[in-house]
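Chains as they are written, first to last, in this note's numbering: chain A, 216 to 573; chain B, 26 to 117; chain C, 79 to 447.
Hints listed in this document are in silico derivations from the structure and should not be mistaken for laboratory results. A hint or two may mislead.
To be verified - Calculated from the model, a selection of chain B residues having no Cβ within reach of chain C, i.e. all distances over 12 Å:
#1 V37
#2 G66
#3 V67
To be verified - Below, in silico cross-link-like pairs of lysine to aspartate or glutamate (DMTMM-like), each with a Cα-Cα straight-line distance of 20 Å or less:
#4 C:K330 / C:E283
#5 C:K184 / C:D151
#6 C:K80 / A:E488
#7 C:K330 / C:E320
#8 C:K184 / A:D372
#9 C:K80 / B:D69
#10 C:K80 / B:D49
Quick caveat: nothing in here was measured; it's all calculated off a predicted structure. For each residue, glycine too, the CB sits at the ideal point set by N, CA and C.
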Amino acid sequence: MADGTVVDPAAWTCPAPLRGGERVVLGHGGGGALSGELVEHLFLPAFGEAARAATPTDAAVLSVGGERLAFSTDTYVVRPLFFPGGNIGDLAINGTVNDLAMAGAQPLALSTGFVLEEGLDLDALGRIATAMGAAASVAGVQLVTGDTKVVESGHGDGAYINTAGVGRIPAGVDLRPERAAPGDVVIVSGPLGMHGVAVLSVREGLEFGTELHSDTAPLNGLVATMLARAPDPADLHVLRDPTRGGLAASVCEIAGTAQVGVELEEHAIPVPEEVRAACGFLGLDAIQVANEGRLVAFVAPEAADAVLAAMRGTEAGAGAAVIGRVSAEHPGVVTARTGLGATRVVERPLGEQLPRIC
Amino acid sequence: MCLGIPGRVTAVREEHGTRMATVDFGGVTKSVCLAYVPEVGVGDYTIVHAGFAITHLDEDSALETLALFEQLGMLEEELGAPQPAPTGEAVS
Amino acid sequence: MKYLDEFRDPALAERLLREIRDTATQPWALMEVCGGQTHSIIRNGIDQLLPEGIELIHGPGCPVCVTPLEMIDRALAIAARPEVIFCSFGDMLRVPGSRRDLFAVKAEGGDVRVVYSPLDAVEIAAGHPDREVVFFGVGFETTAPANAMAVHQARARGLTNFSMLVSHVLVPPAIEAIMSAPECRVNGFLAAGHVCTVMGSWQYEPLARRYGVPIVITGFEPLDVLDGIRHCIMQLEAGRAEVENAYARAVKSEGNLPARTMLEEVFTTSDRQWRGIGVIPESGWNLSEDFAAFDASRRFELEDLTVPESSRCRAGEVLQGLIKPSECPAFGTECTPRAPLGAPMVSGEGACAAYFHYRRLDPPVVAHG
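So here's chain A without its partners, still in its complex pose (with noise of 0.2 Å):
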């Protein structure tokens, strides 16, 4: 039976500022549709024509010396900071280096920048650092730079680390969103929901049990491999690494950057039975929950196979599979068909869904 009157799916993201509240919200830190307005409408008017050129991408990419170089960043603040399959000092090293990765580059050098709450036990910090090192060395990145501030007790969970990271592309690699076209095949490269479900069994006030650990791991390597094994590096269109707001909010903002459609199948997209389990109980949709060490490839169709197959033959890739396919339909919005046969729209999260999350 149809639906009444006509409703435009392009028409309902609100291009007026900010409404309806003065304060940051935690919503705002989401990775969700929230986040988006605020560098939409805040951070960007104010920082120039550079930044309002850019397309929203884990890296910048700048052109220096004839050679590219890309750029990223990225401030970690999950809460606890030790958590199953790892701890906050994982995150943002792997963190960044997928960033980097996920514009084909090559990592180079970390900075690693620590905002530190007084009180912190040093055993602790001590772990942070450690797991730091053994990531750096596993990714083979180099930590070149750093700076460490204390606040006082109260003013900061224990600690925030920032780290900043600088790559070098090589020629023939193009991976921006712009380049999912029609036709493109879409690859997810292991099981999602992990690292949400994972952090969440240990917070606070939700306990349960799980043998879950979070899937935090370096993907540069499993992208050196896609990049060599298709037939032209050029055949990689877009990577994208679903961190806050899950493959839900990777592939809807691809999908509104090029302005293409995205039809993926539920049955196919990999979810552990655990993380069913737990976003059953919990009320959430394994797209929309966080992963950090996954991504998801759009890829040329002719090279689909050749990358599938190159990726199954990596540790990182073993679980590699085919969810869906680029549309020319119904641009912007990104659908799902269900297991039942019928369709539905696939959403990014609001807000937060899940806080502190990475």
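For chain A, the structure is supplied; the task is to place chains B and C on it using the hints.
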């Protein structure tokens, strides 16, 4: 609000004078209050809402219901009436 | 997941749909009064898959959506107090009051915490004897036993710093109000499965008789919803109007007796204002006199508030099933989850939010498979 999920009781204990359980939902476990289901014990399935077990899930009934669904349309199929093919895909 | 996945089997769904198609000889309009079922229907596209002529009308089944504006404002006023730790289920946090929501109160320094169970709020009270802990007790009958136990436990543990702001609503009076409305088009009801797990199915017998409508107790997974619809249509085609249980694995006719006993002890019935509908007599639960010490609306001195609703928000008509969310002129334009005019656009189970999240395409993409 009506979010009630089935899970299996794996352990039972007392907390503040109330009967509590560890319930397993497909590999994820949570602490649940059994005060309203005195008949439920280890190995039983229950439906959990807001941290409370609200009923003993009747497994026989569940299996009967599914068997009934399987039977639907079986007679027509046996008589050879044309049927659209089922989609047959697994649901995530 | 056991006893969940089996009830999502697409092949069996196809059989149920076929049965429904073969059984229905004329148009029928069915109403579900349960936010969880509304969500399941829209999320799984069940209304898209039903044969032409079988219409699902979404009733006022989302307790978050029907919580009156005055109650939200009362909650906001309490949450803003410096001595209070305000605990709530997640879905209440973004429901707009007359000027702001709980997230905004949190941003201004209020201690607002999301909990999974009301017992978590009792634990917080035990751990913070210097603070006043208030739990926002919203929900249908399904949630009431949990809230009742929280209050009961608080008293048993001798806690003096715990109270509950209660806004419970009941399904049978809502069905009565819907059926009494002159514009009512409903031919049959799907009754909320877990509400009946607690209360039983006996309450619906007089309603089925008085209004001559079939009432089928229905679960939440796709096969459960389809089976509930199937039973309802079978009754309608045969001219029957009975209470039937299509969720037998979780519902007994007498419900959960220990829970019902507790509910009778802790709550008393009262008239309740339903947002967008008006006052429905005897349709709500408040804390009984015996538990007055734990009633937050008595513990905190608050002005009596009467707040007018946004004139653009047509939540009332949506909640009564008179219009579909997409028929509201504000849908998707002025009223979105980002800036909702009314509660049904905010709550995860609200009809407007469900339509917005899953159905923004036009024309609707026809189901394939």
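### Message
Check the structure against each numbered hint from earlier and tell me which ones fail, lowest number first.
### Response
none
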